[in-house]
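All chains should be built: construct the whole structure from the sequences, respecting the hints.
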Amino acid sequence: ILIALGIVVVPSGMAGVRVSQTSGTRAGSLYPGVHFVQPVSERVVLFDTRDQLFTTASLEDSGKKPSSPGKAEASTQEGGLRVQAKEGLNLGLAITVRYRLDPSRLDYIQGNLPQPVEKEIVPAVVASTWRELVPNYTVREVFATKREEVRKRAADAITRKLGADGIIVKEVMLRDIQLP
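So the mapping is simple: my numbering equals the position in the sequence shown, first residue as 1, plus 590.
By construction, these hints were calculated from the structure, which means they are not laboratory data.
Check before you lean on any hint, since a few could be wrong.
Cβ pair distances, simulated, as ranges [unchecked claim]:
hint, residue 1, residue 2, range
1, Phe733, Leu595, 56 to 64 Å
2, Val599, Gln705, 17 to 25 Å
3, Asp746, Ser610, 17 to 25 Å
4, Tyr621, Lys709, 47 to 55 Å
5, Ala594, Ser694, 50 to 58 Å
6, Gly623, Arg672, 38 to 46 Å
7, Gln628, Thr686, 28 to 36 Å
8, Met763, Ser613, 39 to 47 Å
9, Gln768, Gln628, 36 to 44 Å
10, Pro725, Asn702, 39 to 47 Å
BS3-like cross-link-like pairs, simulated, lysine-lysine; straight-line CA separation at most 27 Å [said to hold, decoys possible]:
hint, residue 1, residue 2
11, Lys709, Lys751
12, Lys751, Lys676
13, Lys736, Lys760
14, Lys709, Lys736
15, Lys742, Lys760
16, Lys736, Lys676
17, Lys751, Lys736
18, Lys760, Lys709
19, Lys676, Lys742
The beta-carbon is built from N, C-alpha and C at its ideal position, and this holds for glycine as well.
Here it is, written out as structure tokens:
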């Protein structure tokens, strides 16, 4: 029975870290496959290492339920992300960020970040980055003339901030901009 309790299977698309009752999170990640842990004194915490989406709904979609994205988990912020432009006008942004957890940094993520990361860290970093960036531009620039520059600067900042926490950002899309 003890041998059976020490066998842990990490499924495909996941990775895990050992958490000891006595010493906390242990260094190193467990990749898909069969692993042995110390029965009773250790457990394995699993993380999804596949691509995930964080999406803010457009203002038009805020009354509708988000559609299921299939295998990738989606965290959805109700309503559009509201930011203020240089003139003081409010804008609603529909944003999608595609990211995944860095499997080699799961021990850091488990030991140092609030869980679940996709609900606690990603939305806060994305929202704060856009709220810091957009007030440097006028509404016209955000809508048309410098839209790609704004998206690129936001993508770089989000990638840098989340990368420090072991989250790999693959893509940041600015899908829609609306005046509420």
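How the hints compare with the structure:
no. : hint                        : result
1   : Phe733 x Leu595: 56 to 64 Å : holds, 59 Å
2   : Val599 x Gln705: 17 to 25 Å : holds, 21 Å
3   : Asp746 x Ser610: 17 to 25 Å : violated, 38 Å
4   : Tyr621 x Lys709: 47 to 55 Å : violated, 24 Å
5   : Ala594 x Ser694: 50 to 58 Å : violated, 29 Å
6   : Gly623 x Arg672: 38 to 46 Å : holds, 45 Å
7   : Gln628 x Thr686: 28 to 36 Å : violated, 42 Å
8   : Met763 x Ser613: 39 to 47 Å : holds, 42 Å
9   : Gln768 x Gln628: 36 to 44 Å : violated, 55 Å
10  : Pro725 x Asn702: 39 to 47 Å : violated, 31 Å
11  : Lys709 x Lys751             : holds, 16 Å
12  : Lys751 x Lys676             : holds, 24 Å
13  : Lys736 x Lys760             : holds, 22 Å
14  : Lys709 x Lys736             : violated, 30 Å
15  : Lys742 x Lys760             : holds, 13 Å
16  : Lys736 x Lys676             : holds, 13 Å
17  : Lys751 x Lys736             : holds, 23 Å
18  : Lys760 x Lys709             : holds, 18 Å
19  : Lys676 x Lys742             : holds, 18 Å
When the structure is compared with the earlier hints, violations turn up for hints 3, 4, 5, 7, 9, 10, 14 and for no others.
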